[in-house]
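Asks: Chains as they are written, first to last, in numbering that gives the first Met the number 0: chain Y, 0 to 200; chain R, 0 to 200.
Please keep in mind that the hints were generated in silico from the structure rather than gathered at the bench.
Computed from a prediction, not measured in an experiment: that's the story for all the values here.
Keep in mind that the hints are not guaranteed to be accurate.
Same chains, same label: a pair holds when it works inside one copy or across any pair of copies.
Listed below are the simulated DMTMM-like cross-link pairs for lysine to aspartate or glutamate, each with C-alpha atoms no more than 20 Å apart in a straight line [said to hold, decoys possible]:
no., residue 1, residue 2
1, 2, 42
2, 189, 140
3, 113, 58
4, 2, 30
5, 113, 124
6, 87, 75
7, 2, 86
8, 16, 75
9, 141, 42
10, 2, 186
11, 16, 137
12, 24, 200
13, 112, 42
14, 87, 58
15, 2, 137
16, 2, 182
17, 24, 58
18, 112, 145
19, 16, 174
20, 113, 140
21, 189, 20
Here is what each chain is made of, one letter per residue.
Number of protein chains: 2
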Amino acid sequence: MFKVYGTSVSGNCYKVKLLLEQLGKQYQWQEVNSLTGETRTPEFLAINANGRVPVLQIEHGRYLPESNAILCYLADGTEFWPAERREKAETLQWMFFEQYSHEPYVAVARFIKKFLPPDHPRQAELPRLVERGYQALDVMEKHLAERRYMVGQRYSIADIALFAYTHVASDGGMDLGRYVAIDTWIERVKAQPRFVPLPAE
Amino acid sequence: MFKVYGTSVSGNCYKVKLLLEQLGKQYQWQEVNSLTGETRTPEFLAINANGRVPVLQIEHGRYLPESNAILCYLADGTEFWPAERREKAETLQWMFFEQYSHEPYVAVARFIKKFLPPDHPRQAELPRLVERGYQALDVMEKHLAERRYMVGQRYSIADIALFAYTHVASDGGMDLGRYVAIDTWIERVKAQPRFVPLPAE
């Protein structure tokens with residue numbers, strides 16, 4: 000059985016939970032609170048030297064970090080990761096987009112606004128993060144205006160990766176009301192079989 | 000024949016060039032200068048709405064952005080991307096590590112120090128970027144201390160993705176002299192068949 004080391008309120012960790020639920024896989028969830036430094040202990044660094052969650056324990060002593068690499072591992076050979084060469088690469092394209100151009104703004108703005116005190120010095124980062132977050136959402140809106148899903152004709156791990164923080168972008172101060180295609184796509188993702196929500200707290 | 004839209008001095012673009020050379024593929028290189036705003040023109044945004052290089056033209060009117068997704072596309076079915084499920088995911092793990100925990104520090108420090116004027120306000124970002132860059136290099140050093148390559152027993156696209164900016168980390172003010180395993184690995188990468196260097200200017 001898989002074991003996931005994760006912080007429940009983290010979108011990156013939620014990605015793994017959502018896919019495991021949708022695959023109908025049994026798993027054990029080991030809560031690790033990244034907000035209180037539990038990902039920086041010697042014990043956790045022995046599991047992931049980069050000190051981040053989620054981490055998937057594949058077998059005894061074998062650990063896989065990086066949320067999107069975990070999605071690819073779990074989805075390998077299933078309908079959640081297209082097998083056709085170009086669609087396989089386009090799935091990765093959107094997952095790299097998510098980690099480079101989306102998550103560092105949409106997720107970090109949410110972290111600062113939702114989890115740090117209102118007088119924390121990092122609040123000063125918000126205007127730039129929100130601006131860059133909107134740029135990423137603009138790219139998604141343009142793409143989804145002509146499509147039902149991020150890649151091809153069906154729901155995939157590209158949708159899971161981007162849904163995780165997009166649907167809670169308002170937590171970081173972004174107004175999703177201006178995005179018609181994204182809003183429709185969010186409802187489409189929520190209507191998928193075995194969908195489970197991101198825990199609020 | 001593939002066409003690559005790229006900036007020659009960019010490590011992300013160099014990844015694609017290096018793999019194409021090592022695969023022995025013919026390709027056309029379309030120089031796009033991201034430093035002078037050529038990735039923000041309406042013509043280029045029609046190719047990649049996210050306004051970044053590299054982009055691979057797969058066929059007429061079909062474009063694939065994101066350097067690491069391009070590497071996966073080109074390496075699919077070759078020895079450069081392991082086919083075994085766990086190694087395939089570990090390859091992606093290091094490529095996501097590169098884009099999230101390494102490139103935003105090691106590459107951005109290089110960009111600021113090498114390509115911006117010495118009195119540019121962004122020079123103020125350097126201390127933090129160098130600190131985070133060292134954290135990423137520490138993770139690589141620990142991993143490479145026990146291995147010849149990033150994944151498994153052979154050179155792969157994980158090595159290409161991480162080599163691109165690691166071997167020029169000194170451009171951003173990081174001292175590679177303290178990393179014995181990384182230094183040996185850099186020489187190992189440079190000794191691969193059909194290796195080509197990153198253009199200096």
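Asks: All hints, please: hold or fail.
Replies: Here's how the hints hold up against the structure:
Taking identical chains as interchangeable, the C-alpha atoms of residue 2 and residue 42 lie at most 20 Å apart only when both belong to the same chain, with a minimum of 16 Å there against 47 Å between chains. In this homomeric assembly, residue 189 and residue 140 come within 20 Å of each other (Cα to Cα) only inside a single copy, at 17 Å, whereas the closest approach across copies is 42 Å. Taking the shortest alpha-carbon separations for residue 113 and residue 58, neither the intra-copy value of 35 Å nor the inter-copy value of 44 Å comes in at or below 20 Å. Taking CA atoms no more than 20 Å apart as the test, residue 2 paired with residue 30 passes inside one copy only; the shortest distance there is 10 Å, against 46 Å between copies.
Proximity of residue 113 and residue 124 under a CA criterion of 20 Å is satisfied intra-copy only: 14 Å inside one chain copy versus 25 Å between copies. In this assembly of identical chains, the alpha carbons of residue 87 and residue 75 lie at most 20 Å apart whether taken from the same copy (10 Å) or from different copies (9 Å). Taking the shortest alpha-carbon separations for residue 2 and residue 86, only the inter-copy value of 19 Å comes in at or below 20 Å, while the best intra-copy value is 29 Å. In this assembly of identical chains, residue 16 and residue 75 lie within 20 Å of each other by CA distance solely inside one copy; the values are 16 Å within and 28 Å between copies.
Within a single copy, residue 141 and residue 42 get their C-alpha atoms only as close as 44 Å, which misses the 20 Å cut-off; across copies the closest is 16 Å, which meets it. Taking identical chains as interchangeable, the C-alpha atoms of residue 2 and residue 186 are never at most 20 Å apart, the minima being 29 Å within one chain and 38 Å between chains. Neither within a single protomer nor between protomers do residue 16 and residue 137 lie at most 20 Å apart by alpha-carbon distance, with minima of 27 Å and 30 Å respectively. Neither within a single protomer nor between protomers do residue 24 and residue 200 lie at most 20 Å apart by alpha-carbon distance, with minima of 24 Å and 51 Å respectively.
In this assembly of identical chains, the alpha carbons of residue 112 and residue 42 never lie at most 20 Å apart, being 30 Å within a copy and 37 Å across copies at closest. Taking the shortest Cα distances, residue 87 and residue 58 sit within 20 Å of each other only across copies (16 Å), while inside one copy they are farther apart (26 Å). Proximity of residue 2 and residue 137 under a CA criterion of 20 Å is satisfied in neither setting, with 36 Å inside one chain copy and 27 Å between copies. In the homo-oligomer, the alpha carbons of residue 2 and residue 182 never lie at most 20 Å apart, since the shortest distance is 33 Å inside one protomer and 35 Å across protomers.
In the homo-oligomer, the alpha carbons of residue 24 and residue 58 lie at most 20 Å apart inside one protomer (15 Å), although the nearest pairing across protomers, at 38 Å, exceeds that limit. Taking the shortest Cα distances, residue 112 and residue 145 never come within 20 Å of each other, neither inside one copy (32 Å) nor across copies (41 Å). For the identical chains of this complex, residue 16 and residue 174 are neighbours neither inside a copy (26 Å) nor across copies (40 Å), given an alpha-carbon limit of 20 Å. Proximity of residue 113 to residue 140 under the C-alpha cut-off of 20 Å is found in neither arrangement, the shortest distances being 24 Å within a copy and 35 Å between copies.
Proximity of residue 189 to residue 20 under the C-alpha cut-off of 20 Å is restricted to the intra-copy arrangement: shortest distance 13 Å within a copy versus 44 Å between copies.
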